[in-house]
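Spelled out, the chains give:
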Amino acid sequence: MTTLLNVKDLRAYYGQVQALHGLSFSLNEGSLVTLLGANGAGKTTTLRAICNMVRSTGGIEFDGKPLNNRSTESIVRFGIAHVPQGRGTFTTMTVEENLQLGAITRKDSAGIVSDIERMYAHFPVLKQRHTQQAGTLSGGEQQMLAVARALMLRPRLMLLDEPSFGLAPLVVRDLFGILGKINREDKVSILVVEQNAQLALELADQAYVIETGRIVMSGNAKDIANNEEIRKSYLGY
Amino acid sequence: MELFTNQVLAGIATGAIYACMALAVVMIYQAIDHLNFAQGEMAMFATFISWQLMQWGVPYWGAFVITLAFAFVGGVAIERILFKPLAKAPVLTNVAGFIALFAIINSSAGLIWDFTIKQYPTPFGSSPFLGSQLISTHQAGMIGVTVLLLIALYFFFQYTRIGLAMRAAASVPESARLVGINTSWMIALGWGMASAIGAIAGMLIAPVVFLEPNMMGGVLIYGFAAAVLGGLTSPFGAVVGGFLMGIFENLAGTYIPGVGNELKLPIALALIISVLVVKPAGLFGRHIVKRV
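So the sequences go chain by chain: B and A.
Residue numbering for the first sequence follows the working numbering, starting at 1 and increasing by one per position.
Residue numbering for the second sequence follows the working numbering, starting at 1 and increasing by one per position.
Don't read these hints as lab results, they were simulated from the structure.
Where is the CB? At the ideal position from N, CA and C, for every residue including glycine.
Distance condition first, Cα-Cα at most 35 angstroms in a straight line; then the derived DSBU-like pairs of lysine-lysine: (1) B:Lys187 / B:Lys107; (2) A:Lys88 / B:Lys8; (3) B:Lys107 / A:Lys84; (4) B:Lys222 / B:Lys65; (5) B:Lys127 / B:Lys107; (6) B:Lys65 / A:Lys84; (7) B:Lys8 / B:Lys65; (8) B:Lys181 / B:Lys8; (9) B:Lys181 / B:Lys65; (10) A:Lys279 / A:Lys84; (11) A:Lys88 / B:Lys65; (12) A:Lys118 / A:Lys264; (13) B:Lys8 / A:Lys84; (14) A:Lys88 / B:Lys107.
A few chain A positions that, by computed beta-carbon distances, are all more than 12 angstroms from chain B: (15) Leu3; (16) Phe4; (17) Ala10; (18) Ile81; (19) Phe102; (20) Asn106; (21) Ile112; (22) Phe124; (23) Pro128; (24) Ile135; (25) Leu153; (26) Pro257; (27) Gly258; (28) Val275; (29) Val278; (30) Leu283.
Generate coordinates for the entire structure from the input sequences, incorporating the hints supplied.
What follows is the structure, encoded as structure tokens:
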């Protein structure tokens, strides 16, 4: 297994406030890794730092190449698709335009057309609504759209920021099922940040627990899920 | 009745120009959330360039195309040099930037070409259009060119990938960057296009208002009024607002006693204020809700 993403001693700052205090972790090609932690632990900041959306120092390597000091839009071209918190939907545009925007850096128009069809097969509800304004979709549908938009890049790594946020439990189950399928079948590596630790641990291979900007625990997702002490003290279930 | 039809048609012709100016203003407003007070001066300067080219013997349409290219590059350059560094600056800093730009372009034009009024040619002639006394061929040409421009812009934004990217960058910049769009260059591109659209408006209106450094002052105020009326967040609204403004201006000047030519401009300003008070989002704009 090769390392796809390697983060070393990452420190991030919002103005004068330091949000990450030397955080290190790695993700293997093809794996599904989850970052867990309470509100304000630094999970979102970690994802934002990878895409250079927040000021940070330390080493971030993707497939052996450093990502530091590159602009957000050029990091996308490495094959890193980021689904931000709140989904980042282009609400005034149609569902189909949202999907096309996901592939805006690609040049193969035939591949884009067939990928849009593939997304409609993954998410039939998007096909039904392909001419609707994306802002009229329900929260769950918008999250599907956000995942589909990210997949339109044909990413090697997908970063997901709290995909379960604001969704009904059944919809969350559905979504996580699809994420697992994408990971296995399309060989997309996934780094998912979650507050719903139970569900994320069921899905993930590897897990890291963050507390106040530091990794305090890491290991096999099954082991962490089975360790009652960790569950009680860090994950709250 | 003939007077009425005549005034409406003439209103549509000048409305076409207001629509172009309003569209240019809205394009920049969408990209950077500021009103470009120098939009009219940029258009005026481009019109002078085309005039100069024609003085040097370039035929009208040749000068037209070269001027569009010049205006586009100039618009991009202004954004890169002046407004990109101000992107995170407070509103007032930007306003000062626009006023400075206004003054610089206005005085440069005066310095280079002086302030005397110049004749500007029309490629359409000014005979009656299709033998009708209602509208001149130049007025018909103004409407025709504007309609072609609007159709071209519609197709550009609706059916090309770069148009899609520009819309995305203007509507949700952060998401646009996360799909790999270079939003900074999209803004520059928007400036270039707005500048070129303004140049078209300037070249079309110059035969009517004559060429001089202050020729676009009134036109831009009508353009602002049109943009506010249609909604600053809606390019479609800006165009509709432009045509409505042109018709309204002419009818008010003809039928409201005491308005005449002198009071037309205050009417535009009164309209801006009334819209802002009664329906701030304009006819087609969307309400911007901000969470705090």
